[in-house]
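Chains as they are written, first to last, in this note's numbering: chain A, 172 to 346; chain B, 172 to 346.
Keep in mind that the hints are not guaranteed to be accurate.
Unchecked claim - The calculated label-pair distances, taken between Cβ atoms and stated as ranges, are:
1) B:E322 x A:D256: 54 to 62 Å
2) A:D194 x B:D345: 46 to 54 Å
3) B:N313 x A:N227: 16 to 24 Å
4) A:E322 x B:D345: 53 to 61 Å
What the hints assert, rightly or not - Listed next, the in silico BS3-like pairs over lysine-lysine satisfying Cα-Cα at most 25 Å (straight line):
5) A:K283 x B:K198
6) B:K198 x A:K198
7) A:K234 x B:K283
8) A:K344 x A:K173
No lab work stands behind these hints, which were simulated from the structure alone. Where is the CB? At the ideal position from N, CA and C, for every residue including glycine.
There are 2 protein chains.
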Amino acid sequence: MKLNDLTEIEVQRKVNEYFRLADITLKDEEIREIQVNDFGLGRLDDLGLQLFMYINTERYCAKEWVLFPRQTCPEHLHPPVESGDPGKQETFRCKFGTVYLYVEGEATSNPKAHPPERDRDQFTAAHEVILTAGDQYTIPPNTKHWFQAGEEGAVTAEYSSTSTDEHDIFTHKDI
Amino acid sequence: MKLNDLTEIEVQRKVNEYFRLADITLKDEEIREIQVNDFGLGRLDDLGLQLFMYINTERYCAKEWVLFPRQTCPEHLHPPVESGDPGKQETFRCKFGTVYLYVEGEATSNPKAHPPERDRDQFTAAHEVILTAGDQYTIPPNTKHWFQAGEEGAVTAEYSSTSTDEHDIFTHKDI
Ligand SMILES: [Zn+2]
Ligand SMILES: [Zn+2]
Numbered sequence: 172m173k174l175n176d177l178t179e180i181e182v183q184r185k186v187n188e189y190f191r192l193a194d195i196t197l198k199d200e201e202i203r204e205i206q207v208n209d210f211g212l213g214r215l216d217d218l219g220l221q222l223f224m225y226i227n228t229e230r231y232c233a234k235e236w237v238l239f240p241r242q243t244c245p246e247h248l249h250p251p252v253e254s255g256d257p258g259k260q261e262t263f264r265c266k267f268g269t270v271y272l273y274v275e276g277e278a279t280s281n282p283k284a285h286p287p288e289r290d291r292d293q294f295t296a297a298h299e300v301i302l303t304a305g306d307q308y309t310i311p312p313n314t315k316h317w318f319q320a321g322e323e324g325a326v327t328a329e330y331s332s333t334s335t336d337e338h339d340i341f342t343h344k345d346i
Numbered sequence: 172m173k174l175n176d177l178t179e180i181e182v183q184r185k186v187n188e189y190f191r192l193a194d195i196t197l198k199d200e201e202i203r204e205i206q207v208n209d210f211g212l213g214r215l216d217d218l219g220l221q222l223f224m225y226i227n228t229e230r231y232c233a234k235e236w237v238l239f240p241r242q243t244c245p246e247h248l249h250p251p252v253e254s255g256d257p258g259k260q261e262t263f264r265c266k267f268g269t270v271y272l273y274v275e276g277e278a279t280s281n282p283k284a285h286p287p288e289r290d291r292d293q294f295t296a297a298h299e300v301i302l303t304a305g306d307q308y309t310i311p312p313n314t315k316h317w318f319q320a321g322e323e324g325a326v327t328a329e330y331s332s333t334s335t336d337e338h339d340i341f342t343h344k345d346i
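Assemble the whole structure, with the sequences as input and the hints as a guide.
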């Protein structure tokens, strides 16, 4: 499979197949609103994240995201934005498949996932958290994290404070 | 079925059966954390709400709730709490079954649901919104609302700002 060779609607439909595996129902018009993020790298098979946003207000945000098999969401953090806002906090609740999540903290020896070979230098967080259906983890604000799906792909709900993507800081030099 | 005659764990297990219908996975210890609310009325078959809270921080909250067939969540509103906090805002996303939701606004003629006969005077919001799997609705802060499940019961995700139940205002004279 080369995701990069697909049109946007083809990728969106593929994402919806994963949502169906987790019994998540989207309307036809919502499927067209699925966000396909390649972070400007044009290497969606390696680095990307697909998501459907249910709601994003000034107070709270809820979405579900899909990673294709072994696809990686690049390392980033959510910094404080304004006085009083400590930065976005995220709670992941896995619905389907396996997520290998890496956050700042003590490095895990023999991690189950690795960044793509050519991008190794662009990843630093090495404390491993493994999530399968029913597992949950909250990432504090201002904390580096990245994540990769296992062989089956992954579907995860993300509950958080407001999403302001423009404030996210990615550690990858090309993003 | 008389829910009132069941023990808490029996009700929690029954709630979990509905969660399973929506492919929502809870761990055994989480099933014991399911909240069964009868609002102090001791009439769970008529008036109640069951929920599992994923996360509730000072910023955001996410839960999934279950209504048993034709069970009603009594009318209430979420008022402003402190200066700057306009009150809890809630986004419902139905996962299974049918929710008959009533909010302030123009009264709907021939509504599909009615409060229990003896409680009719305790309900005022009459603008009907019907939610089935994949339907979503956001209730503004400080707005009266109540809801009832259809014959199959209902499972709904609720994404919101912080939940502070102690601030909720119920219109029912006995709550
Ligand atoms: Zn993040
Ligand atoms: Zn409410």
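Look at the Cβ atoms of D194 (chain A) and D345 (chain B) and judge whether their distance stays inside 46 to 54 Å.
violated (37 Å)
Given the hint that K234 (chain A) pairs with K283 (chain B), does the C-alpha gap stay at or below 25 Å?
violated (30 Å)
Hey, K283 (chain A) versus K198 (chain B), does the alpha-carbon distance stay inside 25 Å?
holds (23 Å)
Note whether the CB distance of N313 (chain B) and N227 (chain A) lies within 16 to 24 Å or breaks it.
Holds: the Cβ-Cβ distance is about 21 Å, inside 16 to 24 Å.
Can the restraint linking K344 (chain A) and K173 (chain A) be considered satisfied, given a maximum Cα separation of 25 Å?
holds (24 Å)
Does the hinted range 54 to 62 Å hold for E322 (chain B) and D256 (chain A) at CB?
Roughly 45 Å apart at Cβ, these two residues miss the hinted range, so it is violated.
Pair hint outcome, K198 (chain B) versus K198 (chain A) [Cα-Cα no greater than 25 Å]:
violated (29 Å)
Within 53 to 61 Å: is that where the Cβ-Cβ distance between E322 (chain A) and D345 (chain B) falls?
holds (55 Å)
Of the numbered hints stated above, those contradicted by the structure are hints 1, 2, 6, 7, listed in ascending order.
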